[in-house]
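Here is what each chain is made of, one letter per residue.
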Amino acid sequence: MIPSLVSWFTDPANWSGEDGIPNRLLEHVAYTAEAILVAAVVAIPLGLWVGHTGRARWLVSLANSARAVPTLGLLFVVSLWLGPRITGDLAFVVPSIIVLALLAVPPLLAGTYAGVQAVDPAARDAAKGVGMTPLQVLRQVEVPNALPLLFSGVRSAVLQVVATASVAAVISLGGLGRYLIDGIALGDYPRAAAGAVLVAVLAVLLDGVFALVQRRVVSPGLAPGGRGVSGRGKDSRSVEVEADSPSTPVRAPA
Amino acid sequence: MKRTTSALALLAASILGLTACGSGNDPLASETPAATTSGGSGEPIVVGGANFSESTLLAEIYAGALRAKGLDATTKPNIGSREIYLRALEDNSVQVFPEYTGALALFYDKSYTGTDPEEVYAHVQDIVPDTLTVLDKSVAEDNDSIVVTKQTATEKGLTTIEDLAPVAGDLTLAAPPEFKERPQGIPGLEKTYGVTFGSFRPLNPQGVVQALKNGQVDAANIFSTDPSIAENEFVQLEDTKKLFGSQNIVPLVRADRADEVRDALNAVSAKLTTESIAQMLKQTDIDKKDPKAVAQEFLSANGLG
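Sequence order for the protein chains is X and V. Residue numbers for the first sequence follow this note's numbering, so the first one is -19 and each next one is one higher. Residue numbers for the second sequence follow this note's numbering, so the first one is 47 and each next one is one higher.
Derived by calculation from the structure, the hints in this document are not laboratory data. A couple of the hints might just be wrong.
Unchecked claim - Covered stretches of chain V (in silico footprint by chain X; criterion: 3 or more residues with CB under 8 Å from a CB of chain X, positions within the stretch not fixed):
id	stretch
1	127 to 136
2	221 to 228
3	250 to 260
Positions of the beta carbon are idealized from the N, C-alpha and C atoms, including for glycine.
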């Protein structure tokens, strides 16, 4: 298996044109980005609202239970339903983005909600005490403090979507799933295995990228040991920052 | 960063897993029983089927006819495309498969160009691997075809595949994924007819019909017996240069089991006609009847089981 996989990857024919790795990789990333954007536009504001007001928490449980819906089955249903209603390429693109976005909503919503929910009540009180409006409290206190959990929501959404975006190939679109579907249809197993490896590598790389972004964006004061919610960052500066500046969690993101 | 580390570990583990598969050409080898050489009579017979409804129907007919002769026959439909299921026959995980003469000839002899039904059948007998053999072919034929909607045919004046040559650049073709690389697929359309479609949509057989019906594609590769052609008034373009050759239905069986199944399957081949298949497919695909029941009806009506 490994030698044929290596020769597949080293064949120049697999690195150019519509069927080449760069193009399929780009398509895959594009489907992922579109789905995450659509989901973020819906889920993040909703999560902030639920977390800030404490109302309609059932939305989070509802979204979580929606994780049980099988993506491939949903894809068939949505594309059969939308097929006669949309013309051209969109008839395949829209169903794919819809099902992938649905996959990304639960982690985004839960991460955002939990992040806001877990903000230290003392920080919130202090913000109110200095005369901030509810919107200012949200923007300057709750959102920055929610970032570590919000980011873990984003990262788990990205991982899920990037790993599942292969289903787009089932309804004739591109992306790395093309290698899986075509490889299996033609009995070309090295191609199918290469597709699987590429999806895995892409998932790891994207997660790494988001880990870096998270490090830059999240306040060092929210690192483990800080007085806010337990964060994920490991920045050593956080200790001294926390020591001389108790108001760190209130800082806006860098 | 912990997540990244564990993801890397997972990736490493999965690559190790791939290495463990060894050099065999079937990465899913553990699922199929090891090739046995015994093949003695009395052992169960598995009739395979490809991933389209006609193949499922034919598998049920074959299995029903074998059971009527007292053999322990079961079916394993929806195995996949030819590239997959012929391996299943070669490694003895299925013993009988409904096949098509022309496609089989071209699979084992990529440069074959014969189109006469008798010639193709004779050639197939010569070139299938020693472990396999074909029984009698039937007159029933199911060919690949290129179909368009009635509207497209009228607007562009299409009656044959040749007519597509000047207009195909603006058109989209839908077909199963393997059509893109098969010699009779897109490469054949280009070589034989000079027809190059503007774009290609790889879909499963049901998806192909849906896409043509919904107007997302302009042309589609659909089997000539498919009842959706009449149902949707699609126009089948004539294959004037015989790109798709002759495609008589023929049982492809393991050579070591041929004696047990020969009489039953040859009797089926003698009774099958293109019309009877088209009529049965209408029942399974349009009226959504169980293929097994439809197959049984055919067998009873023809005194086969």
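Can you give the numbers of the hints that this structure goes against, from lowest to highest?
Per hint list: zero violations.
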